[in-house]
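Heads up: the sequence lines are chains A and B, in that order.
Note that numbering that gives the first Met the number 0 numbers the first sequence so that position 84 is 83, with each residue one more than the last.
Note that numbering that gives the first Met the number 0 numbers the second sequence so that position 138 is 137, with each residue one more than the last.
Just to be clear, a hint being listed does not mean it is correct.
Remember, identical chains collapse to one label, so a pair may be satisfied in a single copy or spanning two.
[Stated by the list, open to error] List time: in silico SDA-like cross-link candidates among lysine to any residue, alpha-carbon distance up to 20 Å:
1. K70 - G45
2. K30 - G96
3. K1 - L80
4. K1 - E132
5. K70 - P20
6. K70 - V37
7. K1 - G81
8. K1 - G89
9. K1 - T34
10. K56 - P22
11. K136 - Q19
12. K30 - S54
13. K1 - A94
14. K30 - E115
15. K136 - Q18
16. K30 - R40
17. K30 - I49
18. K136 - A94
19. K1 - N82
20. K1 - S25
21. K1 - A87
22. K70 - D133
23. K30 - N82
24. K30 - V71
25. K56 - T27
26. K1 - E115
27. K136 - R40
28. K1 - C66
In short, the hints are calculated from the structure, not lab data.
2 protein chains.
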Amino acid sequence: MKRDSRLSGVLHVLLHMAQQPGPFTSETLAKAMDTNPVVIRRIMAGLREIGYVRSEKGHGGGWTIACDLSKVTLRDVYAALGNPPLLAMGNRTEAPGCLVEQAVNAALDQAFDDAEALLLARLGEVTLAMLGEDLRKRLGSRKHQGMKAHRA
Amino acid sequence: MKRDSRLSGVLHVLLHMAQQPGPFTSETLAKAMDTNPVVIRRIMAGLREIGYVRSEKGHGGGWTIACDLSKVTLRDVYAALGNPPLLAMGNRTEAPGCLVEQAVNAALDQAFDDAEALLLARLGEVTLAMLGEDLRKRLGSRKHQGMKAHRA
DNA sequence: TTTCATGTAACTTTATATGTTACATGAAAA
DNA sequence: TTTTCATGTAACATATAAAGTTACATGAAA
């Protein structure tokens with residue numbers, strides 16, 4: 000399976016947008032992310048439906064943040080993407096008649112569920128505002144370590 | 000990506016083998032698992048190299064368990080598979096120059112690393128012997144709940 | 001020497017994320 | 001009104017990885 004990077008991607012977009020007033024076109028964002036405008040629209044669609052961002056057509060149109068960044072967590076963003084699978088591994092069969100498989104599933108599910116729960120909890124602890132704050136720190140210390148260009 | 004079920008599969012095989020003395024041919028095991036003999040050989044290869052199982056060619060050949068089931072954990076089995084990816088999600092770019100992406104990666108990595116560590120820890124708590132014990136309990140209570148056929 | 005079983009390479013299939021093209025929709029500007 | 005710009009979305013293409021399949025070499029027992 001290819002690794003899912005949509006959460007990573009959409010957070011990148013949001014954080015970029017939070018740095019300056021919008022709106023931003025999908026094309027602008029796509030260039031910054033080195034990808035395709037349609038990919039941007041795709042990962043933003045869920046956030047628009049929930050109301051975290053807004054989009055406008057036509058001249059001067061594009062994407063705008065429409066939420067309180069201190070109220071939205073990474074977990075909320077993940078949910079807006081449609082709760083895609085977190086774990087790369089799973090059971091062979093979900094509701095097996097075979098008792099052997101049931102025993103295996105029970106053991107694995109316990110571990111899997113714990114890990115998923117922890118991951119979601121951790122994501123729920125971080126707001127977009129906190130991410131922005133961390134970024135500001137990084138931007139501040141940048142000039143002290145060689146002014147590496149901001150690629151995007 | 001397709002969900003990886005090799006750990007689930009190989010545990011199923013081991014638990015089956017633990018129920019009665021071997022050896023078992025790949026074909027027998029494949030039928031029990033409703034899959035292909037080559038798939039069995041493939042997921043068993045790593046375990047053979049580490050010495051958890053043995054394989055013999057020719058008449059009377061097949062697979063045999065060659066380890067102390069109370070000493071091998073699910074984590075050990077996972078490692079024998081070659082430590083395949085645990086998480087379905089990841090960062091867009093691993094070592095980005097973009098500070099925005101660095102900030103995103105830092106936040107996500109913390110959550111990802113914690114979840115992975117917990118998952119591995121949980122797998123490390125369960126031995127194959129414990130799995131077998133759980134299975135024996137399930138086999139015992141089976142007759143009290145309708146004798147559902149053992150599919151495999 | 002025949003039969004059986006593993007070992008493995010090569011290929012096919014399937015699932016899923018990502019990338020791309022094409023075009024409809026609607027809004028602002030000319 | 002017409003043109004331009006931007007999103008919305010379907011359809012198709014590509015990439016990656018697991019799982020399934022075929023074919024054949026290797027080696028052991030009958």
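How the hints compare with the structure:
With identical chains, the CA atoms of K70 and G45 are at most 20 Å apart within one copy only, with a shortest distance of 17 Å there and 47 Å across copies. Proximity of K30 and G96 under a CA criterion of 20 Å is satisfied inter-copy only: 15 Å between copies versus 51 Å inside one chain copy. Taking the shortest alpha-carbon separations for K1 and L80, both the intra-copy value of 17 Å and the inter-copy value of 18 Å come in at or below 20 Å. Taking CA atoms no more than 20 Å apart as the test, K1 paired with E132 passes in neither setting, with 31 Å inside one copy and 36 Å between copies.
Taking the shortest alpha-carbon separations for K70 and P20, only the intra-copy value of 19 Å comes in at or below 20 Å, while the best inter-copy value is 59 Å. Neither within a single protomer nor between protomers do K70 and V37 lie at most 20 Å apart by alpha-carbon distance, with minima of 28 Å and 52 Å respectively. Within a single copy, K1 and G81 get their C-alpha atoms as close as 17 Å, and across copies as close as 17 Å, so both meet the 20 Å cut-off. Taking identical chains as interchangeable, the C-alpha atoms of K1 and G89 lie at most 20 Å apart whether they share a chain (15 Å) or sit on different chains (10 Å).
Taking the shortest alpha-carbon separations for K1 and T34, only the intra-copy value of 17 Å comes in at or below 20 Å, while the best inter-copy value is 23 Å. For the homomeric pair K56 and P22, the shortest alpha-carbon distance inside one copy (11 Å) is at most 20 Å, but the shortest distance between copies (68 Å) is not. In this assembly of identical chains, K136 and Q19 lie within 20 Å of each other by CA distance solely inside one copy; the values are 16 Å within and 61 Å between copies. Within a single copy, K30 and S54 get their C-alpha atoms as close as 18 Å, which meets the 20 Å cut-off; across copies the closest is 54 Å, which misses it.
Within a single copy, K1 and A94 get their C-alpha atoms only as close as 26 Å, which misses the 20 Å cut-off; across copies the closest is 18 Å, which meets it. In the homo-oligomer, the alpha carbons of K30 and E115 never lie at most 20 Å apart, since the shortest distance is 33 Å inside one protomer and 32 Å across protomers. Taking the shortest alpha-carbon separations for K136 and Q18, only the intra-copy value of 13 Å comes in at or below 20 Å, while the best inter-copy value is 59 Å. Within a single copy, K30 and R40 get their C-alpha atoms as close as 13 Å, which meets the 20 Å cut-off; across copies the closest is 46 Å, which misses it.
For a Cα distance limit of 20 Å, the shortest separation of K30 from I49 qualifies neither inside one copy, at 25 Å, nor across copies, at 48 Å. For the homomeric pair K136 and A94, the shortest alpha-carbon distance between copies (18 Å) is at most 20 Å, but the shortest distance inside one copy (49 Å) is not. Both within a single protomer and between protomers do K1 and N82 lie at most 20 Å apart by alpha-carbon distance, with minima of 17 Å and 16 Å respectively. Taking the closest pair of Cα atoms, K1 and S25 never come within 20 Å of each other, the shortest separation being 24 Å inside a single copy and 29 Å across copies.
For the identical chains of this complex, K1 and A87 are neighbours both inside a copy (9 Å) and across copies (8 Å), given an alpha-carbon limit of 20 Å. Taking the shortest Cα distances, K70 and D133 sit within 20 Å of each other inside one copy (16 Å), while across copies they are farther apart (44 Å). In this assembly of identical chains, K30 and N82 lie within 20 Å of each other by CA distance neither inside one copy nor across copies; the values are 26 Å within and 35 Å between. For the homomeric pair K30 and V71, neither the shortest alpha-carbon distance inside one copy (25 Å) nor that between copies (50 Å) is at most 20 Å.
Taking identical chains as interchangeable, the C-alpha atoms of K56 and T27 lie at most 20 Å apart only when both belong to the same chain, with a minimum of 14 Å there against 62 Å between chains. Proximity of K1 to E115 under the C-alpha cut-off of 20 Å is found in both arrangements, the shortest distances being 19 Å within a copy and 18 Å between copies. In the homo-oligomer, the alpha carbons of K136 and R40 never lie at most 20 Å apart, since the shortest distance is 29 Å inside one protomer and 52 Å across protomers. For the identical chains of this complex, K1 and C66 are neighbours neither inside a copy (31 Å) nor across copies (34 Å), given an alpha-carbon limit of 20 Å.
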